[in-house]
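With the hints as your guide, set chain P onto chain X.
2 protein chains.
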Amino acid sequence: MQQVVRYLPETILGYGSVMPFAGLTGGQSPPRGHAAPIRVARRGGLKVMADLETLFRQIPIRSGMTLSFHHHLRNGDGVVNAVLATAAKLGIKDLTLALSAVYPVHAPLVDHMRAGTVTALDTDYISGPVAAAISHGILAQPVIMRTHGGRARAIEAGQRQIDVAFSAAPTADTQGNLTGVSGPNACGALGYAMPDAAHADWVVGVTDNLVPYPLAPIPIPQTQVDFVVQLPSIGDAGGIVSGITRVAQKPEQMPIAELAAKVIDAAGLIRDGFSFQTGAGGTSLAVTQFVRAMMAERGVIGSFALGGITGALVEMLEAGLFRRLLDVQAFDLAAVHSLATNPNHLEISAGHYASPWNRGCAVDQLDCVILGATEIDTNFNVNVTTGSDGVIRGGSGGHSDAAAGAQVAIVVTPLRRGPWPIVREQVTTVTTPGETIDVLVTDAGVAVNPKRRDLLEKLTAVDLPLKSIAELRRLAGEPPQRPATNGQIVAVVEYRNGTIIDVVRSIN
Amino acid sequence: MQQVVRYLPETILGYGSVMPFAGLTGGQSPPRGHAAPIRVARRGGLKVMADLETLFRQIPIRSGMTLSFHHHLRNGDGVVNAVLATAAKLGIKDLTLALSAVYPVHAPLVDHMRAGTVTALDTDYISGPVAAAISHGILAQPVIMRTHGGRARAIEAGQRQIDVAFSAAPTADTQGNLTGVSGPNACGALGYAMPDAAHADWVVGVTDNLVPYPLAPIPIPQTQVDFVVQLPSIGDAGGIVSGITRVAQKPEQMPIAELAAKVIDAAGLIRDGFSFQTGAGGTSLAVTQFVRAMMAERGVIGSFALGGITGALVEMLEAGLFRRLLDVQAFDLAAVHSLATNPNHLEISAGHYASPWNRGCAVDQLDCVILGATEIDTNFNVNVTTGSDGVIRGGSGGHSDAAAGAQVAIVVTPLRRGPWPIVREQVTTVTTPGETIDVLVTDAGVAVNPKRRDLLEKLTAVDLPLKSIAELRRLAGEPPQRPATNGQIVAVVEYRNGTIIDVVRSIN
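Order-wise, the sequence lines are chains X and P.
The opening position of the first sequence corresponds to residue 20 in the working numbering, with each subsequent residue numbered one higher.
The opening position of the second sequence corresponds to residue 20 in the working numbering, with each subsequent residue numbered one higher.
Just so you know, the hints here were simulated from the structure itself, not pulled from any lab data.
We put the CB at the ideal spot given by N, CA and C, even for glycine.
One or more of the hints may lead you astray.
[What the hints assert, rightly or not] Computed cross-link-like contacts, SDA-like style, restricted to lysine to any residue with a CA-CA straight-line distance of at most 25 Å: (1) Lys66(X) <-> Arg51(X); (2) Lys66(X) <-> Arg51(P); (3) Lys470(P) <-> Lys486(X); (4) Lys66(P) <-> Arg290(X); (5) Lys66(X) <-> Ile320(P); (6) Lys66(P) <-> Gly258(X); (7) Lys477(X) <-> Lys269(X); (8) Lys66(P) <-> Ala480(X); (9) Lys269(X) <-> Lys66(X); (10) Lys66(X) <-> Ser487(P); (11) Lys486(X) <-> Pro274(X); (12) Lys66(P) <-> Pro236(X).
[Stated by the list, open to error] Counterexamples of contact, computed for chain X against chain P with all Cβ distances above 12 Å: (13) Gly195; (14) Pro203; (15) Asp408; (16) Trp439; (17) Ala480.
Bound conformation, chain X alone (with noise of 0.2 Å):
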């Protein structure tokens, strides 16, 4: 069955020629990685650098470099705001921002954009004002859209080269030693940087918590960090662990959440050595509790909670229901002090996390994770790359990468949200292909991807409100009429492996 079918130009201006999505296992690895250039350090040479100017005038950095940046610090970012006020104030131009993540605090971003400062972008995710100029065409370059688990695969391949690589470091050390979990602006888990860390032509750690040598823990160590520089503040605590992060669940989102539980239960799942990946969405943190109550119940000791760590998520692990939490970021302080202090927290790489091309990584691992979409067609393929309108506001993260990754991948979602079905017979975009995804669960009932036979034997044996997608369609209704577009492409989706899954082109 062929669940994917965008028809893709071979060549995108600005972009090269495009390999087409073909299932997982596509993509052209290298024989290789990508190694960092050895640089000898000089005993007794100086790293912290007084300001970004004289950073920028050390390395140098040029017209035309690529760097990148992670989005731990969230919507609470000062760093990358700052670095490219710098380079603008020097008449840096034509820089790549290979940024994981782009929140609305990175709103002087267009500004950089329209001023050919910054004229590209290779991102996981994009919200707030830079999606919607990236959307109304303000590069002539098209953005790469990852997966988290495809940068880090990307960085480690040599198939995102970046020159320099600023890590925002909630504290640092005076010999580069890097870490999130201290500090006034701490952020827990510094995976999505890592990659950047060990790959990058330069690396710069950014912090306003410089400390003696040496700091503790070490997740970025001082042998791949150049220099440091001190600002007075890299961010604002307050918008970094909020964002995507509630504990307020609406309560449309209960029954939802609970049909969910009960598919995870149905599946054989909610045994020992359970394995779980959440968001930090409402219904997500409801099927949590739900999975949860069962665990405890019956006394079953899960394996491990992986990605995006919660408040949720450590209270399951300090009441003995999971043995480790396994965590590439930090979504609340809760996660931030228990990184800090649980040694059965681990802060692992974005590439272990979920990158495909390495002797294993830990998506590979799970048996469930529950997921969002802002659309699903009867093919199971997931938009959350768009709105309905066609509008960038958001992007795979590790959607694409835990969906491949788990036994059982469970979409949670309304049928319908306002005037937009969110189930209809094609996505605005494909993020996600239909063939990872397992189940999806609605307010109208549950459809089980028909590829999985042995799922929809067992959830047919217990009480479910089963149905088939098709049907599910026809309950969401008829969606209102998009306008066309045949508009630049403004956005190539890459799956994680590289190839091609979808374009997002301009809203006119």
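For chain P alone, kept in the frame of chain X given last:
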């Protein structure tokens, strides 16, 4: 001042052309490091191999390959012998063994060399029957003797290519995450195994404690590990933490240790932020006790102790006398336990510890290191590679690395050992160049390297038995005649930057 004058051949049979030592900053680094092959894991693929023979056929391991091993199991290691027995059984020949240190337990290696199973050796330290056999010319090809930091440098830069890295792992999980802190043969830090795991073409964890996924902590991640093999036992716990670690000091060591502590104090190092490395020999441990007493008495808080970690240093961490321990290798069970439980006790890689070719290693941050010597000459060159009879019985390990990095490198040694004067006109073999040794402390007085006029001034200001090194040499007496040798070159002594600082010739 030319402090190392050795007449080295321009080329050595079985080694190639010689780049002679020409100072600390010599050596030729390639532009980029060495990257391991990309291997795309199959989801659901099994990493656990039934036994070593199955593994050999799976990879497959062939004649002429380079197999690497670490020495964290020390004289209790069972993995090298088990792997080589398998190779011999399968008729494999001509292997290069890249084993970070060779102990008496590796005696079967002599037979493997005789039989042609192993024809080349690359190591940092050799003791026991293998050392004697090498010195008597058992291999046609000279052994490469590196420093611990130099070994990491060679692997990371691709100058020591490794086909298969065998990583003895006191605990492994089913996906190849490896740790040394738990299991019946816990050895603590796996620092010397990390470069191999990150850069070898194939990586195999060998364990006798296979646990469910995922283990904690994860010093060596599943992303690097192809296979796991379970053996009934990987070694003998008794031999792992014995060896050079001694708790009791000999009475004659105490005055030397006390003098060394006075030198450290006179040099002005006993102040907040003090950083320190010692070995695990009796005199070193005694120096640590004197230093500890001074620090405690004056309320000094040191920054870190580095290197091979002992219970004595763990006690100082726990007493608040150091803020951190940076641990590349545990010397005793107290160090193993502390690494497993104390968040200020950090595991670091051999590259982080001491490679000269990265963006800064830990030895460069040392205030003081205490080092031993088999011999030291009037230019302060130190031999820890051979006995005065020219027979190999050791090697640099971290000796040259710490000497190069520390602000004050102090050699402690009695003037004579039995009939052998330790201080002499010329050392039998140069391991560590005199320009990196600052002070010699003996039972007959203290000599300061003339290039450290600053230190000489400070030490003159206090009551210390200062002598010139020429005077100490005179007091040490004349060495017995050493039988002349013009035999084959059995080992090249490589300095940490890859240049050759000396050679060792066969004993006839």
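Evaluated hints:
Only pairs whose Cα atoms come within 25 Å are accepted, and Lys66(X) paired with Arg51(X) is rejected, the gap being roughly 31 Å. For a cut-off of 25 Å, the pair hint linking Lys66(X) to Arg51(P) stands: about 21 Å separates their Cα positions. For the hint pairing Lys470(P) with Lys486(X), the CA-to-CA distance comes to about 85 Å; that exceeds 25 Å, so the pair is violated. A C-alpha spacing of about 23 Å is found between Lys66(P) and Arg290(X), which places the hinted pair at or below 25 Å, so the restraint holds.
Between Lys66(X) and Ile320(P) the CA atoms are separated by roughly 24 Å; this keeps the pair inside 25 Å, and the hint holds. The hinted pair formed by Lys66(P) and Gly258(X) fails the criterion: a straight-line CA distance of about 42 Å is larger than 25 Å. In summary, the hint linking Lys477(X) to Lys269(X) is not supported, as the alpha carbons are separated by about 30 Å, beyond the 25 Å threshold. Taking the CA atoms of Lys66(P) and Ala480(X), the gap is near 34 Å; set against the 25 Å cutoff, the hint is violated.
Between Lys269(X) and Lys66(X) the CA atoms are separated by roughly 49 Å; this puts the pair beyond 25 Å, and the hint is violated. Distance restraint check for Lys66(X) and Ser487(P): the Cα-Cα separation of roughly 38 Å exceeds the 25 Å cut-off, and the hinted pair is therefore not satisfied. The hinted pair formed by Lys486(X) and Pro274(X) meets the criterion: a straight-line CA distance of about 16 Å does not exceed 25 Å. Of the pairs offered as hints, the one joining Lys66(P) and Pro236(X) is violated, with about 30 Å between alpha carbons and a cut-off of 25 Å exceeded.
Look at Gly195(X): its CB is around 7 Å from the nearest CB on chain P, not clear of 12 Å, so calling it non-interface is violated. For Pro203(X), the condition that its CB be more than 12 Å from all CB atoms of chain P holds, with the nearest at approximately 20 Å. At the 12 Å boundary, the C-beta of Asp408(X) stays outside the reach of chain P, the nearest C-beta of that chain being 35 Å off. With a least beta-carbon separation of about 33 Å from chain P, Trp439(X) lies farther than 12 Å from that chain, consistent with its non-interface assignment.
No beta-carbon of chain P is positioned within 12 Å of the beta-carbon of Ala480(X); the least distance is around 24 Å.
Of the hints listed earlier, those the structure fails to meet are numbers 1, 3, 6, 7, 8, 9, 10, 12, 13, in rising order.
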